[in-house]
Amino acid sequence: SQQGEEDPQALSIQEGENATMNCSYKTSINNLQWYRQNSGRGLVHLILIRSNEREKHSGRLRVTLDTSKKSSSLLITASRAADTASYFCATVPYTGGFKTIFGAGTRLFVKA
Amino acid sequence: DTAVSQTPKYLVTQMGNDKSIKCEQNLGHDTMYWYKQDSKKFLKIMFSYNNKELIINETVPNRFSPKSPDKAHLNLHINSLELGDSAVYFCASSQGTGGPHEQFFGPGTRLTVL
Chain A
1 SQQGEEDPQA LSIQEGENAT MNCSYKTSIN NLQWYRQNSG RGLVHLILIR SNEREKHSGR
61 LRVTLDTSKK SSSLLITASR AADTASYFCA TVPYTGGFKT IFGAGTRLFV KA
Chain B
1001 DTAVSQTPKY LVTQMGNDKS IKCEQNLGHD TMYWYKQDSK KFLKIMFSYN NKELIINETV
1061 PNRFSPKSPD KAHLNLHINS LELGDSAVYF CASSQGTGGP HEQFFGPGTR LTVL
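Just so you know, the sequences run in chain order A and B. End of the first sequence sits at 112 in our numbering; the numbers just go up one at a time, nothing left out. End of the second sequence sits at 1114 in our numbering; the numbers just go up one at a time, nothing left out.
Honestly, I wouldn't trust all of these hints.
[Stated by the list, open to error] Anything over 12 Å on all C-beta distances counts as not near chain B; from chain A, calculated: (1) LEU11; (2) LYS26; (3) SER71.
[Claimed, not checked] A short, non-exhaustive set of chain B residues, derived as facing chain A with CB atoms under 8 Å: (4) LYS1040; (5) GLU1053; (6) ILE1055; (7) ILE1056; (8) THR1059; (9) VAL1060; (10) PRO1061; (11) HIS1101; (12) GLN1103; (13) PHE1105; (14) PRO1107; (15) GLY1108.
Since the hints were made in silico from the structure, they are not lab data. Keep in mind the model is a prediction, meaning the values are calculated, not measured. Cβ atoms here follow ideal geometry from the backbone N, Cα and C, with glycine treated the same way.
Excised from the complex, chain B in its bound form:
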């Protein structure tokens, strides 16, 4: 049973297109995250939702918009894709209040913008 799943695993698209990445967790966690990992493996948090409420919104272009329809899902929509958006995007989830505990990561979505 996959704890945190993401679709698609690979996404190749042209500049200017709009795309979405979906994430689902079956762990019953309250908090979900989106991270971006660049080519140098540096992992940076983008957004976090706790009980469907946005709690972290880092300095990310407003072309990126997260949506959490329920506690188990956190999707990421990207408008007007740019070359610099090419990266691996990871979804993660965690349980507990008062700060993050162990985070469970999805397998990642490798986005390539041509």
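Only chain A is shown next, with the shape it has when bound in the complex:
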């Protein structure tokens, strides 16, 4: 069964606004990662948060992790048209070894 599920499926905002995407998962994890995919391209790694971390920042990105609720959120502040892409959370199950499970993604549209 699918481990990570993103919410919302699609999000449309104006440039300059903040965008928040959520991810829920089902089993204990080793770490959780967020990736971006521009149309017609491969995925690009954005940020990794370990199971013992609660929050992490990278530039305009802020990721939180709540292992008790099995959920994570990705916040993009001051969004730009170039942020338009699909965003995926990916979980590494605690006993999963090298297996990474991706959610279905959130499609973000940032209007200029």
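For this one, chain A is given, so just place chain B on it according to the hints.
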């Protein structure tokens, strides 16, 4: 310099044919992966090799056979192609042991089976 490259980028073929997709990474990583992304953008892992050893083999038809001649290459051969095989196939690589870290993805191969 391309970190993870795949060839071909597009592949259009008839049902029943056999085709291969090649992947190469120049990052010096130990682990490589094949993923399938369907039309709804859902990305599913198919195979993974660590130091040329198969470590992940998901529920994939045995018409799909990966081959890793060395750490830098992971190819995917597909026999008797079916309509349902149409998808985008991504190769990825990562470094480190004890589980996947940041993965680097190739640009994808869009396979269309007619």
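Taking the hints in turn, this is what the structure says about them:
1. LEU11: LEU11(A) clear of chain B: closest Cβ-Cβ about 14 Å, beyond 12 Å.
2. LYS26: holds, 16 Å
3. SER71: Nearest chain B Cβ is 19 Å from SER71(A), so the label holds.
4. LYS1040: holds, 7 Å
5. GLU1053: Because about 11 Å separates GLU1053(B) from the closest Cβ in chain A, which is outside the 8 Å limit, the hint is violated.
6. ILE1055: ILE1055(B) check passes; min Cβ-Cβ to chain A is 6 Å, inside 8 Å.
7. ILE1056: holds, 6 Å
8. THR1059: violated, 12 Å
9. VAL1060: For VAL1060(B), the interface hint is violated, since the closest Cβ of chain A sits about 13 Å away, which is over 8 Å.
10. PRO1061: Result: violated, 19 Å to nearest chain A Cβ.
11. HIS1101: holds, 7 Å
12. GLN1103: This interface hint holds because 6 Å falls under the 8 Å limit.
13. PHE1105: Nearest chain A Cβ about 3 Å off; hint holds.
14. PRO1107: At about 5 Å, which falls below the 8 Å cut-off, the nearest Cβ of chain A leaves the hint on PRO1107(B) intact, so it holds.
15. GLY1108: holds, 5 Å
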